[in-house]
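A.B. asks: Residue numbers (my numbering), protein chains in the order written: chain A, 1 to 221; chain B, 1 to 478.
I should point out that these hints are in silico values taken from the structure, not numbers from a laboratory.
Take these hints with a grain of salt, some might be off.
As a list, the in silico DSBU-like pairs of lysine-lysine whose alpha-carbon atoms are at most 35 Å apart [as the list claims (entries may be wrong)]:
hint	chain 1	residue 1	chain 2	residue 2
1	B	Lys44	B	Lys452
2	A	Lys220	B	Lys44
3	B	Lys11	B	Lys79
4	B	Lys79	B	Lys237
5	B	Lys452	B	Lys358
6	B	Lys11	B	Lys440
7	A	Lys181	B	Lys44
8	B	Lys107	B	Lys132
9	B	Lys79	B	Lys44
10	A	Lys181	B	Lys237
11	A	Lys181	B	Lys107
12	B	Lys107	B	Lys237
Among chain A residues calculated to face chain B with C-beta under 7 Å, some are [unchecked claim]:
hint	residue
13	Thr106
14	Trp172
15	Ser197
Only a predicted model underlies this, so the values are computations on that prediction, with no experimental measurement involved.
Even for Gly, the Cβ is constructed at its ideal location relative to N, Cα and C.
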Amino acid sequence: MSARDDILGTIRRSLGVTGQEAPRRSIVENRLAQAPRGVIPQRGQLDPQARAALFRTMAEAALATVEEVESLDKVPAAVAEYLRRGNLPARARVGEALAGLPWGETTLEVGTGPSDGRDLIAVNRAFAGAAETGSIALVSGPDSPTTLNFLPDYAIAVLRESEIAGDYESVWDRIRERYGKGTMPRTLNWITGPSRSADIEQTMLLGAHGPRSLHILVVKD
Amino acid sequence: MTSHITSPQFKENASRALVDAPLQQAMGNVRVNFIERRRAAAEKLPEFEGLRDSARDIKNHALEHLDLYLETWEQNVTKAGGHVHWARTAEEAREAVLAICRRVGAKTVTKGKSMISEEISLNTALEAAGIKPVETDLGEYIIQLRGELPSHIIAPAVHLNATQVESDFRRVHTHLDPKRDLSQPVQLLTEARGVLRDRFLAADVGITGANFLIAETGTSVIVTNEGNGDLTQILPKIHVVIASIEKIVPTLEDASQILRVLARSATGQEMSVYTTLSTGPRRPGDPDGPEEYHVVVLDNGRSSMLGTAFQDMLRCIRCGACMNHCPVYHAVGGHAYGWVYPGPMGAVLSPSLIGVDKAGHLPNASTFCGRCESVCPVRIPLPKMMRSWREREFERHLSPATVRGGLAFWSFFARRPGLYRLATRLGMGALAWFGRDKGKFASLPFASGWTKYRDFPAPQGGTFQQRYRDTRKQGARR
């Protein structure tokens, strides 16, 4: 007997079922189809403006920094100014989704494509935010390489204010809208603040393997 | 490979741990930090208790329908272009991983933190096959350098102090300047980051664990704070996930419910820094990501726990809250438990996985204070299950002669209430008389196991039964 059949067989023997019981199968089918939400924290159930404010509070509590930008066109200038403020080199790798912005109006040297580990700074387009914990969601795809979220020392993410949801479940609704029910992007990263470790004497230190800082640009719609 | 199990020597391990000064210093951090952080996080979320109920119900539902959800999950992994490898035993799981590594001629593999990898001793098998495993979680990296098992399921090096890590780094990182300053933890972190960055980029295969397998989408989920798991899985050509069968949850919503209690219970964070959902290999047009995605799904005795008194243990989401709150774990640390799963969850799980003959001491290492159950995010009745193991151990005549003799001695009196009352009154009276000056004993015959580490208080004010009777009388008068 194959390992697969053996394991499933033992599970069924232990549970006292055959796997063919129609009521049992329909319970599972219904749960998968309906995907009940369970308990949703009240804290994120707010009007859009208050939701964005909560997102900022929670993201900052997780040691990310958040900055508002008037429009997408202003993103390159905001990035340039952020790097200047931090005394960082004027060079960044940006996700294809942001390549069409007016980077030429700044002095930034901009490259696209995935990171090979030598980029100090990267700017990527986020898919959504969740106000309840100040988390952002980024999906992999041709115009948003996952390596940009992890290899650079300074990660910058761009998000529209209208893309900030109250809770994770509202983001799953949007994922199903875009990819279809039951289908996911190859990678979905929920990110809450910059990389850290407390493995040495439980002292929390930033910049373990991933970015030492996370800067989120929230674009007013 | 079970050669490194020292659970049968729990008592010797514990005695050694109690006089291990660096260990005792390190365990002081556990007692303070984890407990306070979890409490603060739980208090900030009014729905926390409701979410614990929800998480418990989701895991129960998934376990009751585990066969069907595993089939759905497998279909969806395959649909997304991934491969599922079923493993009945640790050996089959190791073989499945080795076969993938051999096929692509892997020389080095990077690894995200995985307790299943520890359970199946994967690193030993990789090394024996000439493949170099590199642990990338900072804590796992440190214990790999030391050739140790993790002493905690989420903080593997919690038993160590910074000076010990410094001397390990100096011993192993010989290519760096011997005069460099490593006196601050941040310098240790920076050094590990630099050393491991090259390993990430050079690895042929990346191996991670999984916190969840989502049936609805065929997705595996990892949760980290460092980002090491992500670098492990996006840079090499091949991503191998190793996970056990009970990691299944039905939907994205179900995973989200449990995520809300996981980080809060584990580290007291609102959410861990990186929660990553992976579904299949790189897609057409994707600029990065692995070309192959494999999941090795391990049983190793779990399917036989279903339908037994220990089914509830399969709800465990490996947050570590039970050990963070356990007075026994605080006193002896994780290594005393003698295998990969320490603390209360290990005391219940280890006998199921390696046998009560080997791990029978562990469920006895409990004061039954109940703190583990009171903080468990999926409400596993850990004390009750430890009691079940004790009963089984006794029934199978595995308890030591002193325990059986002591129980027989006690039950002789317990079945004769008059004699019991007389004996306890005389015993307590004698102890009270001898201890009347100091109010405590620094040593007692037959009780050196207690008095070696702390004083035994002298009894005051009669036996329990006398006091109970007196209180009842007073209550009746009022």
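A.B. asks: Does each hint fit the structure? Answer for all of them.
C.D. replies: Hint-by-hint comparison with the structure:
Of the supplied pair hints, the one linking Lys44/B and Lys452/B is violated, its CA atoms being roughly 42 Å apart against a limit of 35 Å. Only pairs whose Cα atoms come within 35 Å are accepted, and Lys220/A paired with Lys44/B is accepted, the gap being roughly 29 Å. At roughly 51 Å between alpha-carbon atoms, Lys11/B and Lys79/B are farther apart than 35 Å, so this suggested pair is violated. This hinted pair checks out: Lys79/B and Lys237/B have alpha carbons roughly 20 Å apart, not beyond 35 Å.
Restraint check: the Cα-Cα separation between Lys452/B and Lys358/B comes to about 27 Å, which is no more than 35 Å; the hinted pair holds. A C-alpha spacing of about 25 Å is found between Lys11/B and Lys440/B, which places the hinted pair at or below 35 Å, so the restraint holds. At roughly 33 Å between alpha-carbon atoms, Lys181/A and Lys44/B fall within 35 Å of each other, so this suggested pair holds. For the suggested pair Lys107/B and Lys132/B, the alpha carbons sit about 6 Å apart, so the restraint of at most 35 Å is met.
A threshold of 35 Å between alpha carbons decides the hint, and for Lys79/B with Lys44/B the separation of about 41 Å lies outside it, so the pair is violated. With a C-alpha separation of about 28 Å, the suggested pairing of Lys181/A with Lys237/B holds against the 35 Å cut-off. This hinted pair does not check out: Lys181/A and Lys107/B have alpha carbons roughly 39 Å apart, beyond 35 Å. Taken as a hint, the Lys107/B and Lys237/B pair is honoured in the structure, with Cα atoms around 13 Å apart against an allowance of 35 Å.
Interface hint at Thr106/A: violated, since its Cβ lies 24 Å from the closest Cβ of chain B, which is beyond the 7 Å cut-off. Against a cut-off of 7 Å between C-beta atoms, the interface hint on Trp172/A holds, since the closest Cβ of chain B lies about 5 Å away. Here the hint on Ser197/A is kept, as its CB sits about 5 Å from the closest CB of chain B, short of 7 Å.
Of the numbered hints stated above, those contradicted by the structure are hints 1, 3, 9, 11, 13, listed in ascending order.
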